[in-house]
Amino acid sequence: MKHLALPCALVLITPAMADTFCGTGSSAIPDGGANGTSWTIEVTQDGIVTNARSFITINHPWVGDLRMVLQSPDGVTVTLLDRPGMPNGGWIGPWGCGGDDINGLFTDAASVSAESMCSQVEVPVLHGNMLPTEPFSILQGHPTQGTWTMTIFDDSPVDAGTVSQVCLLLESSPDCNNNGVADSDDIANGSSQDVDGNGIPDECECPGDVTGEGVIDIEDILLVIGAFGQTGGIADIDGSGIVDIADILIVIEGWGNC
Amino acid sequence: MTLLSLGLCVSLLAGSQQVVAPKQVGAPASDLLNNRLRSPDPSTIGRPFGHAMLDITFDDEGQWQYDVPIPPTAHLSLLPIGPGCETWSLIATNPNGQADGSNQTITEGSLQPFFPVTAQRVDIANPMAGTWRITIHGGHPGDAGQLIVRDRSGIALQLHPTSHVALVGHPIVLRSALAAVDRSGSPLQDALDGLASGLDIINAQINWRDSRSNNTTFELVQNGPWLEHTFTPTDTGPHEARIEIVGIDADGFTFLRSANWHCQVNTPVVVTGLQQIDLDENRLAIDLDIDCSEPRSKVLVGSEVWCNGSDGMRPRCWIGGMTAVTDGRIRLVLDKRWLTLEGGNGLDLQLRETRIADPNAAQPLLPEGAVGVLALGNVEVPVAAPHDPDVLLDMQHGKGDQPGFQVEGGARDQGSRADQYGGHNLMLSHGYCSDGQSFPPSDFTGNVAVYYNPDQNFSHDEFALDIWSLGSQYKSYGLVGHSQGGNAAVHLFTFYWSGLDWASDGRLLQGMGVPFSGTALAGNLAVLAELFGIGCGINYDMTYDGAAVWLSYIPTSTRERTWTWTSTFQDDWWSYDYCHVVTDLLLWDPDDGVVENSEGDLDGAHNMGTTTGWCHIEDMSDPPEVTDTNRTSSMNSEGAR
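Taken in sequence, the protein lines are chains A and B. Just so you know, the first sequence maps onto residues 1 to 258 in this note's numbering. Just so you know, the second sequence maps onto residues 1001 to 1641 in this note's numbering.
In case anyone wonders, no lab produced these hints; they're calculated from the structure. Keep in mind that a hint or two might mislead.
The following label-pair restraints were derived from C-beta to C-beta distances [said to hold, decoys possible]:
| id | chain 1 | residue 1 | chain 2 | residue 2 | range |
| --- | --- | --- | --- | --- | --- |
| 1 | A | Ser113 | B | Ile1277 | 43 to 49 Å |
| 2 | B | Pro1403 | A | Val121 | 50 to 56 Å |
| 3 | A | Pro157 | B | Gly1343 | 47 to 53 Å |
| 4 | A | Ser26 | B | Ser1634 | 58 to 64 Å |
| 5 | B | Thr1217 | A | Val121 | 44 to 50 Å |
| 6 | A | Ser113 | B | Asp1348 | 35 to 41 Å |
| 7 | A | Ser113 | B | Pro1403 | 18 to 24 Å |
| 8 | B | Val1270 | A | Pro157 | 48 to 54 Å |
| 9 | B | Leu1347 | A | Asp108 | 41 to 47 Å |
| 10 | A | Asp108 | B | Val1270 | 50 to 56 Å |
Quick reminder that beta carbons are idealized off the backbone N, C-alpha and C, glycines included.
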């Protein structure tokens, strides 16, 4: 489909969406198990990820045992935690952080890494805003909709724990052409046209199909010609306020099946 | 000029598998005001010696004879010891020339576990005062030994150095005097009291043996109430002073006393500069440039921190710990929250009495013992005083972000443990020069790890790091240490990050028969062991002087997490009792055969008292204290893991 660049078109930016989705799963973390416990999070929100965060609550007497991996519906993984305190970087020792419990928000906006947030006294030892081991930005551009999985591993056979809450805070944008780039970005950077200025790339709709039949044909052009000179209405395809030659050209340009 | 003589302190960290992180130790000003973290006055550590050790050399007929003056006393003990002493026989002839033995008890005593022989000990009740002739038969011509003479007159030879410093080219002054055993605690007063009561030294000699085994004998000279000698070592290494005196009491009776004093001579370290670096908003690194005359990888440092406040110029905290020597520089870390907590405003900040010591036995390396004042200027202090317990732990232990030390990864175990790899254990440790037999693991329940490395003469630092090496297999552990194992536990928790820092609530550091303030055996027994060519050698951390200096780096925060027990023998009224036939003559009752009860307690710790009917180890008169299930069951149930 070809597109026309039309002056004076009204450009609409589709706003980013944000929502919180909490998961379900087995609370017990297999101790020293290779599989861990997987919590699934069903996300109905369509679009692509622009930002993600995760709020997690775990009771465990030795958080240095724990790994946490988030997997997106399309299979991209992000390691949020990888046995904090390991490998031995100094005072914590060769077995990682021996503090109790996790109750906080993993976010790229934090200033402190969960890996380095260890204390002998504070409970929960990992709390507040924490930088994940790998950034959530890895997920940017990947689809939101579908089943997300958070798997919590306990890599040591000594000390066991439970998961009580796993939530995903997703910010997303529509991506109607599924190119991994937000529609608004496609339009803004010129990789997509939006002749009707409705914020939806033209490749995702059929602006010359005035009748809405799924095809641009003689009926569409007759309708536009019949309304020529009128103000507004469905024949004013480019939204210029008047049905004119530009609208006819859009029909001609898009002639054929949408 | 060799590389080693360049006068630089270079790092020796290299070539091993594991790295231990040192703590940046901090302590409140109260630890200075109660003197726990101040260098102890060496004169107050002076020990009473109530015995004499006489050299035995057999003549061509295999006989040795000596006239020994004995003061009025209720009891006299004589013990000849040396290779082949099983065949020796001792005859004690009283001042009237009688040797009927009617009031003598002869005991054939095994000298195990210290020496693989039996010896004949003669105990004489109410011996006549005067000169006794001691004759020993049955020796091989030319053989050597020692005769230990111990009376119970209560007169002791007091001996102390005037400084803890033992450095090449710097004089060491040893002072001696006679005093009653029940002394006042003031060496000067004791010496004056001794003179006032008619005690005097009529002959005194000191023999110095340097690290090359050269022996030099000097006469002690009078200086006020003391007899003293000044010796300036020219070589590094172990030195031994042996003082032998002839004393006289107010009634004109003479007697013998001898004392052994040991030190490890080092080369001096000099502070040549100072820098300050802000590590973060709370912590100030104070780097000291030092000039060493031999390579050093780490040193033990401690310093008082003073600054102004509304209450004037006062001590605000103590900082110290083990620190790496990196390119001739060592680091102290000050958490400035101490200043706020202790009422300081950060103005006119000073380090005072900064000490630098060898990690082994905490022996001073600065020629003056300490640097009096190092001015740091004014620093900003945090506004709010911290009270969060987590913050206080940070202030006491630091963040472990300073250079660590490589440790040989030779984790040792007994092979029959009930430990939990990667888990939480109660670790049992034996002591110095042990045969490995210590707390029976079967007397403990749950996860129990056993530290086993027999026949070693480790400094506390070496011992602690060896325990750390085994402990690195575990997430966390509490320690139950026997004898020096208890010292090592305290040392480990104070100076290094380990599984101790992650142990559960409970008694973290438990010790039994721990020579916190040293033992006379640390030096004397080694002297005797030389006769047999066995033993583990002198342990400078456990001499009275070495122990006192080491303790002056142990803060209250560690002591409060320490529980310690002592033991002594069953003393029946109808018999003269002791734990061990030899060590009884070198120690002051009550003792467990190795550690005097008074020296087994730790100021500021949970001192759990003395239990009668137990001795230090096997082969003593009462069972080994580590098998006392009344106490070990408590150690087991209350121990942190």
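Hint-by-hint comparison with the structure:
no.: 1; hint: Ser113(A) - Ile1277(B): 43 to 49 Å; in the structure: 23 Å, violated
no.: 2; hint: Pro1403(B) - Val121(A): 50 to 56 Å; in the structure: 25 Å, violated
no.: 3; hint: Pro157(A) - Gly1343(B): 47 to 53 Å; in the structure: 50 Å, holds
no.: 4; hint: Ser26(A) - Ser1634(B): 58 to 64 Å; in the structure: 41 Å, violated
no.: 5; hint: Thr1217(B) - Val121(A): 44 to 50 Å; in the structure: 59 Å, violated
no.: 6; hint: Ser113(A) - Asp1348(B): 35 to 41 Å; in the structure: 38 Å, holds
no.: 7; hint: Ser113(A) - Pro1403(B): 18 to 24 Å; in the structure: 22 Å, holds
no.: 8; hint: Val1270(B) - Pro157(A): 48 to 54 Å; in the structure: 53 Å, holds
no.: 9; hint: Leu1347(B) - Asp108(A): 41 to 47 Å; in the structure: 42 Å, holds
no.: 10; hint: Asp108(A) - Val1270(B): 50 to 56 Å; in the structure: 51 Å, holds
Comparing the model with each numbered hint stated earlier shows that hints 1, 2, 4, 5 do not hold.
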